[in-house]
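Student: Go ahead and model the full structure; you've got the sequences and the hints to work with.
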Amino acid sequence: MTTSRDEQTHAAYDFAYVQEKWLPVWDKLEPFKSGRADDKRPKKYVLDMFPYPSGDLHMGHAEAYALGDVIARYWIQKGFNVMHPIGWDAFGLPAENAAIKRNEDPRIWTYENIATQKASMRRYACSFDWDRVFNTCDPEYYKWNQWLFIELHKRGLAYRKDSAVNWCPGCQTVLANEQVVAGLCERCDTAVTKKKLNQWYFKITDYADRLLDDMKELEGKWPDKVLTMQRNWIGRSQGANVNFVIEGRTEPVTIYTTRPDTLYGATFMVVAVDSELAAELASGTPAESEFKTYLESVKAASDIDRLATDRPKSGVFLQRYAINPVNGEKLPIWASDYVLADYGTGAIMAVPAHDQRDLDFARAMKLPVRVVVQSDEEDPSVSGVATTGDGKMINSGSLNGLNKTDAITAINKQLEADGLGKSARNYRLRDWLVSRQRYWGTPIPIVHCEKCGEIPVPADQLPLTLPDAKGLDLKPKGQSPLAAATDWVNTSCPKCGAAALRDTDTMDTFVDSSWYFLRYPSSTNHNEPFSRADIDTWLPVDQYVGGVTHAILHLLYSRFFTKVLHDIGMLGFTEPFTRLLNQGMVVMDGSAMSKSRGNLVRLSDELENHGVDAIRLSMVFSGPPEDDVDWADVSPSGSVKFLSRAWRLSGDVTSQPGVDFASGNIALRKATHKALHDAAFAVESFRFNVAIARVMELVNATRKAIDSGPGAADPAVREAVEAIAIMLSLVAPFTAEEMWDRLGHKPAIATAGWPVVDEKLLVADAVEAVIQINGKIKERIEVPPTITDAEIEALALAHPTIAAELNGATPKKVIARAPKIVNIVL
Numbered sequence: 001m002t003t004s005r006d007e008q009t010h011a012a013y014d015f016a017y018v019q020e021k022w023l024p025v026w027d028k029l030e031p032f033k034s035g036r037a038d039d040k041r042p043k044k045y046v047l048d049m050f051p052y053p054s055g056d057l058h059m060g061h062a063e064a065y066a067l068g069d070v071i072a073r074y075w076i077q078k079g080f081n082v083m084h085p086i087g088w089d090a091f092g093l094p095a096e097n098a099a100i101k102r103n104e105d106p107r108i109w110t111y112e113n114i115a116t117q118k119a120s121m122r123r124y125a126c127s128f129d130w131d132r133v134f135n136t137c138d139p140e141y142y143k144w145n146q147w148l149f150i151e152l153h154k155r156g157l158a159y160r161k162d163s164a165v166n167w168c169p170g171c172q173t174v175l176a177n178e179q180v181v182a183g184l185c186e187r188c189d190t191a192v193t194k195k196k197l198n199q200w201y202f203k204i205t206d207y208a209d210r211l212l213d214d215m216k217e218l219e220g221k222w223p224d225k226v227l228t229m230q231r232n233w234i235g236r237s238q239g240a241n242v243n244f245v246i247e248g249r250t251e252p253v254t255i256y257t258t259r260p261d262t263l264y265g266a267t268f269m270v271v272a273v274d275s276e277l278a279a280e281l282a283s284g285t286p287a288e289s290e291f292k293t294y295l296e297s298v299k300a301a302s303d304i305d306r307l308a309t310d311r312p313k314s315g316v317f318l319q320r321y322a323i324n325p326v327n328g329e330k331l332p333i334w335a336s337d338y339v340l341a342d343y344g345t346g347a348i349m350a351v352p353a354h355d356q357r358d359l360d361f362a363r364a365m366k367l368p369v370r371v372v373v374q375s376d377e378e379d380p381s382v383s384g385v386a387t388t389g390d391g392k393m394i395n396s397g398s399l400n401g402l403n404k405t406d407a408i409t410a411i412n413k414q415l416e417a418d419g420l421g422k423s424a425r426n427y428r429l430r431d432w433l434v435s436r437q438r439y440w441g442t443p444i445p446i447v448h449c450e451k452c453g454e455i456p457v458p459a460d461q462l463p464l465t466l467p468d469a470k471g472l473d474l475k476p477k478g479q480s481p482l483a484a485a486t487d488w489v490n491t492s493c494p495k496c497g498a499a500a501l502r503d504t505d506t507m508d509t510f511v512d513s514s515w516y517f518l519r520y521p522s523s524t525n526h527n528e529p530f531s532r533a534d535i536d537t538w539l540p541v542d543q544y545v546g547g548v549t550h551a552i553l554h555l556l557y558s559r560f561f562t563k564v565l566h567d568i569g570m571l572g573f574t575e576p577f578t579r580l581l582n583q584g585m586v587v588m589d590g591s592a593m594s595k596s597r598g599n600l601v602r603l604s605d606e607l608e609n610h611g612v613d614a615i616r617l618s619m620v621f622s623g624p625p626e627d628d629v630d631w632a633d634v635s636p637s638g639s640v641k642f643l644s645r646a647w648r649l650s651g652d653v654t655s656q657p658g659v660d661f662a663s664g665n666i667a668l669r670k671a672t673h674k675a676l677h678d679a680a681f682a683v684e685s686f687r688f689n690v691a692i693a694r695v696m697e698l699v700n701a702t703r704k705a706i707d708s709g710p711g712a713a714d715p716a717v718r719e720a721v722e723a724i725a726i727m728l729s730l731v732a733p734f735t736a737e738e739m740w741d742r743l744g745h746k747p748a749i750a751t752a753g754w755p756v757v758d759e760k761l762l763v764a765d766a767v768e769a770v771i772q773i774n775g776k777i778k779e780r781i782e783v784p785p786t787i788t789d790a791e792i793e794a795l796a797l798a799h800p801t802i803a804a805e806l807n808g809a810t811p812k813k814v815i816a817r818a819p820k821i822v823n824i825v826l
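Numbering (the UniProt record's numbering), first residue to last: 1 to 826.
The set of hints was computed from the structure by calculation and includes no laboratory data. Incorrect hints may have been included.
Think about it this way: if two alpha-carbon atoms lie no more than 27 angstroms apart in a straight line, the pair counts; the simulated BS3-like pairs of lysine-lysine are [claimed, not checked]:
| # | residue 1 | residue 2 |
| --- | --- | --- |
| 1 | K78 | K33 |
| 2 | K475 | K101 |
| 3 | K470 | K194 |
| 4 | K33 | K21 |
| 5 | K470 | K101 |
| 6 | K143 | K470 |
| 7 | K760 | K776 |
| 8 | K475 | K195 |
| 9 | K746 | K78 |
| 10 | K196 | K477 |
| 11 | K475 | K143 |
| 12 | K330 | K313 |
| 13 | K495 | K154 |
| 14 | K451 | K196 |
| 15 | K641 | K21 |
| 16 | K704 | K670 |
| 17 | K820 | K670 |
| 18 | K477 | K299 |
| 19 | K143 | K495 |
| 20 | K194 | K299 |
| 21 | K78 | K674 |
| 22 | K203 | K451 |
| 23 | K292 | K195 |
All figures in this text were calculated on a predicted structure; none of them were measured in a lab.
Tutor: As structure tokens, then:
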């Protein structure tokens with residue numbers, strides 16, 4: 001083949017040259033455009049979790065988007081019309097805090113970062129359909145946030161209530177339970193406290209059972225770890241609601257317990273110190289002053305701290321008593337921080353013999369301990385260890401002698417017959433708190449009218465846009481900055497026309513990401529959030545890629561939104577993401593990268609030094625996607641060397657495009673088809689590093705064939721090099737495109753098509769068989785794949801090494817499993 005002037009100038013592999021050469025060509029060809037009306041290929045939707053524009057792309061982005069791109073490019077090569085979109089999750093605290101620090105509008109900071117990241121994404125050569133891009137801070141997008149909020153409000157799924165909420169003193173805003181990590185704000189690591197506020201909630205608890213039960217559709221398709229995390233977060237339990245009469249109080253208190261069979265073992269009651277019930281019971285008693293002091297002392301403790309088993313137990317006796325409904329005993333009522341106000345009714349019956357936290361409290365306060373479940377364990381009042389087994393009931397009246405299951409059934413029937421309780425379910429999951437006291441978010445589309453109450457903004461007035469940030473003090477101060485925008489706040493009631501006020505909170509940014517995947521197919525639709533026709537064409541998402549850190553927050557909320565929209569009639573499915581792939585983190589020397597640790601690696605520097613393809617290849621080849629990548633152990637310079645070796649092959653081929661491969665060297669053809677087969681299986685199994693290993697093996701085999709085998713003119717060499725280029729196109733698109741061009745083909749290689757594997761060429765000429773003596777490997781031999789058990793046994797016994805080991809001894813038994821193994825038992 002002749003070489004062009006460019007090839008003569010660039011006789012060596014030059015990653016900068018090929019990057020500059022092919023980006024404009026791809027921009028013109030648009031090989032990843034997925035909206036063409038005449039495209040008849042079967043459809044597939046591959047989606048990466050969209051980024052937050054907090055600056056330029058970093059090493060974590062480099063891994064995540066390389067992995068998603070492998071999947072998208074693979075399915076394109078396999079003949080699918082793949083939609084692989086990108087956008088920006090652009091509202092939220094980081095942008096607002098950065099703007100405050102710089103004394104500028106969050107819009108400016110956000111859109112500048114989006115432009116920077118978009119340019120880097122293009123440079124990184126991801127297979128995105130750039131016609132579908134949107135940003136969640138665009139009014140055209142958050143208009144539909146507001147529309148969806150109103151739809152939930154109509155159905156009673158968006159509501160306001162007074163409650164003790166998680167409050168971040170640093171960010172000066174409320175947080176959902178899911179946004180508190182180990183007692184700290186997930187954004188700024190400030191210790192979270194409790195605060196009483198009136199806030200907006202989405203009623204996700206109405207969907208708790210479906211969120212749990214529908215996970216059976218995801219088993220084997222989502223990581224088990226994620227499903228377990230969601231199950232534990234929802235925390236469904238079966239038990240009973242039991243009514244306890246409180247002396248001096250008209251209304252009984254209902255408590256929830258998973259073990260109603262242990263009612264006879266209750267020796268006291270505990271109410272959450274920060275509950276309304278505790279304040280009511282303490283009011284007017286000798287304990288009121290002590291109670292208030294204690295309440296103040298525990299306000300700073302997080303829920304996680306309060307539930308910790310090793311936390312010293314503390315509390316205040318409220319000088320009040322409850323009556324045990326099964327035996328009439330008076331139970332002293334205590335207020336303590338180890339019971340949470342939002343669990344059940346914020347009150348528990350304490351059975352110290354069979355619950356460790358109750359036992360620890362009883363021992364601290366010198367309260368009685370009564371065993372009601374017989375076991376072989378030592379008395380808890382002596383050992384200090386609660387017994388939690390399922391033995392026979394004792395000290396329990398009519399329940400004595402029953403096992404746990406029968407005792408629960410019996411006591412539930414008794415309670416229901418006496419009107420003192422009934423069986424019930426409880427959940428750890430709480431409704432999703434969506435109010436935020438910050439500026440940079442979607443304004444809540446509600447008008448507050450003294451006469452009409454909460455009135456949604458009419459649909460024809462959406463979007464309700466944010467007022468100009470100029471002139472507003474955005475510094476966090478416990479109240480939304482929007483409250484100071486009086487011209488914006490003061491409005492008229494859409495229903496009666498009277499003077500009214502806009503709601504000044506904005507929505508949690510997880511609202512933006514809970515449905516964004518539905519918007520991509522209809523990103524230019526200005527009349528509705530998405531069209532049903534587009535949804536039915538593309539959804540649900542076939543493959544979702546992102547970090548496991550979103551297992552509870554984003555993924556759970558997205559599942560909730562999907563089920564709500566299904567019930568509204570807007571979707572024909574109930575689970576948004578068919579398959580999920582979680583990638584690990586990129587660290588340096590075993591630690592998360594940061595400036596303070598001095599281990600920060602800049603993606604821009606790595607791209608400049610090694611090129612896009614080498615970084616992508618290094619990320620993909622470093623190990624299974626779910627494992628963390630330690631950049632200290634990665635060799636991008638080694639990737640450059642490998643890509644150079646592969647690239648050189650394309651210049652060595654001398655046969656012409658279209659040559660009949662069937663006449664080529666059979667050994668190399670077998671290696672090629674095996675590599676294609678194994679690589680495809682590895683990609684579909686998310687073992688991308690294995691796929692790369694197969695390409696590397698084929699590069700070695702092809703080089704050997706050129707240098708010492710049939711030579712560069714052999715059709716099998718062209719077949720191998722073309723296969724190498726196509727497989728490399730998944731991870732090293734610039735190098736692959738240059739190879740494709742040097743092989744005499746027109747761009748773009750991304751749509752060249754995965755070569756058809758000839759199954760006949762996958763049949764091995766020989767396989768390796770292991771010979772063992774008493775289970776220990778002694779020899780390995782090559783045998784035909786069609787060999788019989790008798791034939792392989794004869795070969796094994798006749799082998800010189802085995803004969804020497806036997807030394808004339810007669811085996812007790814020979815176990816032959818052709819063609820893989822022979823085990824000789826002496």
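Student: All hints, please: hold or fail.
Tutor: Here is how each hint holds up against the structure:
1. K78 to K33: holds, 16 angstroms
2. K475 to K101: holds, 9 angstroms
3. K470 to K194: Violated: K470 and K194 sit about 32 angstroms apart, past 27 angstroms.
4. K33 to K21: Answer holds: K33 to K21 is near 20 angstroms, not above 27 angstroms.
5. K470 to K101: holds, 15 angstroms
6. K143 to K470: Holds. K143 to K470 sits at ~22 angstroms (cutoff 27 angstroms).
7. K760 to K776: violated, 35 angstroms
8. K475 to K195: holds, 19 angstroms
9. K746 to K78: Judged against 27 angstroms, a Cα distance of about 19 angstroms means the pair holds.
10. K196 to K477: With Cα atoms ~16 angstroms apart, K196 and K477 stay inside 27 angstroms; holds.
11. K475 to K143: holds, 25 angstroms
12. K330 to K313: Holds, at about 22 angstroms.
13. K495 to K154: holds, 15 angstroms
14. K451 to K196: holds, 25 angstroms
15. K641 to K21: Roughly 20 angstroms between the alpha carbons, so the hint for K641 and K21 holds.
16. K704 to K670: Roughly 14 angstroms between the alpha carbons, so the hint for K704 and K670 holds.
17. K820 to K670: holds, 21 angstroms
18. K477 to K299: holds, 19 angstroms
19. K143 to K495: holds, 21 angstroms
20. K194 to K299: Between K194 and K299 the Cα gap is close to 6 angstroms, so the pair holds against 27 angstroms.
21. K78 to K674: holds, 17 angstroms
22. K203 to K451: holds, 26 angstroms
23. K292 to K195: Status holds; Cα separation ~15 angstroms.
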